[in-house]
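Put chain B on the given structure of chain A with help from the hints.
Each chain, written out:
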Amino acid sequence: MAILGIPILEDKYPVTMDMWPLEAKEFNRVHQFYENLKAGKFTTTRCRTCGHVAYPPRVICPECYSDELEWVELPKRGRVINFTEEVRGVPLGFESPLIHAWIDLGEGSPIKRILSRVINCPVGKLKEGSEVQLVVFEVPSHPIEVKGGEMRWAERVFFAFEPVEK
Amino acid sequence: MARRACIIAGGMCKWGVREASLVDMVQEAAKECLEDIPGLKPKDIDGFLFASSYAGRCSFQVNTAPVMAERLGLKPTSICARVDVLCAGGSTGILLAKGLVESGMADIVMVAGGEKLYTPQKWEVFYSELASIDHDWDAPHGLGLPPPFFALIAKEHMKHYGTTKEQMAWVSVTNYNYGSENPKAQFQKKLTLEEALGAPPVVPPLTLYDCCPITDGAAAVIIAEESRAKDLTDRPLVYIRGGAQASLHSVSANWPGEHLADWAHLRVAAKRAYESAGVGPEDIDVAQTHDCFSISQIIEVEELGFCKKGEGGSFIESGQTRIGGKIPLNTDGGLLSCGHPFGATGIRQAIEIMRQLQGRARFQVEGAEIGLTHNLSGLNVEHTIVIYGREPK
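As you go down the protein sequences, you meet chains A and B in turn. Here the numbering used here = 1-based position in the first sequence + 871. Here the numbering used here = 1-based position in the second sequence + 4.
The calculated lysine-lysine pairs, modelled on DSBU-like cross-linking and capped at a C-alpha distance of 35 angstroms, are:
no., chain 1, residue 1, chain 2, residue 2
1, B, 18, B, 35
2, A, 947, B, 163
3, B, 330, B, 234
4, B, 397, B, 45
5, B, 47, B, 397
6, B, 313, A, 983
7, B, 169, B, 313
8, B, 312, B, 169
9, B, 169, B, 18
10, A, 912, A, 1037
11, B, 312, A, 983
12, A, 996, B, 313
13, B, 275, A, 983
14, B, 126, A, 996
15, A, 1037, B, 163
16, B, 35, B, 397
17, B, 169, A, 996
18, B, 169, A, 1037
19, B, 126, B, 35
20, B, 169, A, 983
21, A, 998, B, 312
22, B, 18, B, 194
23, A, 998, B, 169
24, B, 163, A, 996
25, B, 163, A, 983
26, B, 163, A, 998
27, A, 912, B, 163
28, A, 909, A, 1018
29, A, 998, B, 313
Not close to chain A: a few residues of chain B, all C-beta gaps over 12 angstroms, as computed:
no., residue
30, 36
31, 40
32, 42
33, 43
34, 67
35, 80
36, 82
37, 107
38, 122
39, 184
40, 185
Hints listed in this document are in silico derivations from the structure and should not be mistaken for laboratory results. Predicted, not measured: the structure shown is a model, and the values here were computed from it. Note that beta-carbon positions come from the ideal geometry of N, C-alpha and C, so glycine has one too.
Bound-form chain A, shown alone (with noise of 0.2 angstroms):
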């Protein structure tokens, strides 16, 4: 089935080849995930038993292979260590300039760094320093067949961070 200007679901993918997670709860334990950025929270899995706070978040737990974990937030601003602007060559299904920063989460933060896309950003814009901020948006969504044969509509976000000065 074709979506227009969304080239990876133009009948040239099945959903199983592109590079965005199946979230639904039929096919992943940590949908909570995805229904948290829904909800504007950037979260983990944090060990009932240990403590451990484990980025991505897990099923069980690395360090003591408990299975008693539970939802934690994660800092929404951070700021830039380093950052590269590809502006040619940037691959199907992202736009140019795809802005990438490797991110200092900060003292405070069970995890100390993350290396995300940076959008709403124009090139030139971004310096080592610059503070970024969380930023979630949706992605192609994509049909489920569920019992009986029936279709369900699986909507889909994901994250990237922005500039905090516009």
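Chain B alone, transformed into the frame defined by chain A:
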């Protein structure tokens, strides 16, 4: 007496943009491999490992080992399996073959590798590369094509250690000039410093010759138990002395170093590989490092212990990685010139080290006795090292 594994033969097809399928190229490579050791027949080979990561995606073929074995006339009875470690698949196959041979499970193993990456429409080639990294957490940021991440690494190395664009260009110039006489390389081009510095940008600070290309290709080697190797060849034996593979993270947020130019995972792999081979960096006479980008080779010479941390740029600029220098590197052209069909790259590297230690390389390092190969894989998430020697450990 302990069983020991030797590398006794190798061959590869022409690498580049090929008018051929994956099974075609693997046959070409295997033919050259067996022609390298006239006494060996397909029926003598009891094990087969095939390194390929993109067969499932670009050729819509999984369970590739029996497919390839059949085309090559092999009937393996000890092992017949595919290895998927992306850029290090070939080296991983060689480490696994060493274990199989030394444990007594196998006697003579062919380790082959190959990728057919150019699909009928070019956009699909680049799109497919998005599968090479952690799907749910890094791919959605558009990090599947590696130049942005390695550009970030280059900027960090420049910031922390003062590495220059000219030092990066020296990596490309040196490796291209070795590759210019390698008929199997994707590019046979002599590159000048001026050309390298004046090349069009990819992702700043990386320009065209800082980046290895996308490549179709295949390669194959034979790993044999020592007594069988002695029966099959009069050439000097080359032993697989040791090696290691370290994987400390997958998602970029869990990067193990202090900063992106600090490759702690490579140091861990190097320490363990040197221990397993009973040698140190000062003992290595010739090496093949994973020059997927010029900056990679600069950091690799540091983390492998060939020079001090932060001095990789000046070490290369001063000619220490050329023949006659402290540690000649990538004497067949490396990834930059030969290209990089992921699963085949470690096998190409092994072939060059074997030839160097047997004294029959195109650009020979006189008296080379100990050689090393190194690969990184994916978004710099795994490091693989194999150490070869004229003497066993």
